[in-house]
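In case you want the letters, here they are:
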Amino acid sequence: MPGLSRNAQVLRYLLDVAPGVGHTLLAKFAYLADLAAREYVGSPISEMRYRYDNHGPFDAVAFYSARDELLEGGFITEEDADIGGYAGFELRPTDRVVTFEFADWEAEILSFVGRKFASWTARELCDRKVYASLPMKNAVPGRLLDMDQVNREPEELEFNLERLLAGERSADEQRARPLADVLHELRARHIG
Amino acid sequence: MSYALDISDEATEDLSVLIESLPRSQRADAIEAVEQEFQRLSTNPLPKARLYFGRPAHEFVFKTEGITQHWGATYRISEDETCLVVTHVYKVRHSI
Chain V
14 MPGLSRNAQV LRYLLDVAPG VGHTLLAKFA YLADLAAREY VGSPISEMRY
64 RYDNHGPFDA VAFYSARDEL LEGGFITEED ADIGGYAGFE LRPTDRVVTF
114 EFADWEAEIL SFVGRKFASW TARELCDRKV YASLPMKNAV PGRLLDMDQV
164 NREPEELEFN LERLLAGERS ADEQRARPLA DVLHELRARH IG
Chain B
201 MSYALDISDE ATEDLSVLIE SLPRSQRADA IEAVEQEFQR LSTNPLPKAR
251 LYFGRPAHEF VFKTEGITQH WGATYRISED ETCLVVTHVY KVRHSI
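Top to bottom, those sequences are chains V and B. Its first residue numbered 14, the first sequence is counted upward by one per residue in my numbering. Its first residue numbered 201, the second sequence is counted upward by one per residue in my numbering.
If we strip away everything but chain V, and leave its shape as in the complex, we get (with noise of 0.2 angstroms):
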């Protein structure tokens, strides 16, 4: 059987992150995710393409076409919920399992996205970071929002994200020593 599309698995990903959210603010997190990634990485997790709509950005096509994908598979629920006294939808996860095709950076993003705003309500993730995002502040209203010029690889030397993960891995590993052990070889080496 093959595999989920990217857009599926960011969505489901997402949802083991932060289970029982709406289609509002799992759109918003996508969203913000590849604003992330494109800020720290210079490229983004999803395919989505990004339209100012009534409610901010969304690719509604691709959104509910990965939305339909995982309900029909019975990777995820969805159920009528009221939302702050709106009459809105719970999204779940369920026990099929999903073989993800993200990389270790792409998988923190995403799930740092879920865990940092998963009790924030939409009027507040919209006001507080959405709208204030640079593709937004100039975007026009049905229109593909600009997200390139957000886009940024690290420079050689720069904090890189990836790098960040594997130091983390290390010490995980024990692959650690005394800083000042450290220091003293620099010191033998570049000073001597």
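Hint data in this document are derived by calculation from the structure and do not stem from the laboratory. Predicted model, so just to flag it, every value in this text is computed and none were measured. A few of these clues could be false.
[To be verified] Below, simulated DSS-like cross-link-like pairs (lysine-lysine); rule was C-alpha separation at most 27 angstroms, straight line:
1. 248/B <-> 129/V
2. 248/B <-> 263/B
3. 291/B <-> 248/B
4. 263/B <-> 291/B
5. 129/V <-> 142/V
6. 263/B <-> 142/V
7. 129/V <-> 150/V
8. 291/B <-> 129/V
Given chain V, put chain B in place with the hints provided.
Relative to the frame of chain V, chain B by itself:
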């Protein structure tokens, strides 16, 4: 209270590359600055920490032969709160 200071192998590599990116005449100042900053961090790790994906980072400025350097390091504190491990060292980039 002061934390013991460790550095991961990958962060050691980051630091070596950063030091080697400087002219030889500036390296001593840089090593000195790194030592001072990390010592300072080990006595007072959390205030004013910048966060990268939820990880605290200490960013600092120093001069080598009159040239301003802006470096940073992500770190984490061990569960028993005795040790601070540096996990990544980098040159701070300027915002877009």
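Hints, verified against the model:
no. : hint            : verdict
1   : 248/B <-> 129/V : 19 angstroms, holds
2   : 248/B <-> 263/B : 21 angstroms, holds
3   : 291/B <-> 248/B : 18 angstroms, holds
4   : 263/B <-> 291/B : 14 angstroms, holds
5   : 129/V <-> 142/V : 12 angstroms, holds
6   : 263/B <-> 142/V : 35 angstroms, violated
7   : 129/V <-> 150/V : 22 angstroms, holds
8   : 291/B <-> 129/V : 26 angstroms, holds
The structure shown violates just one earlier hint, number 6.
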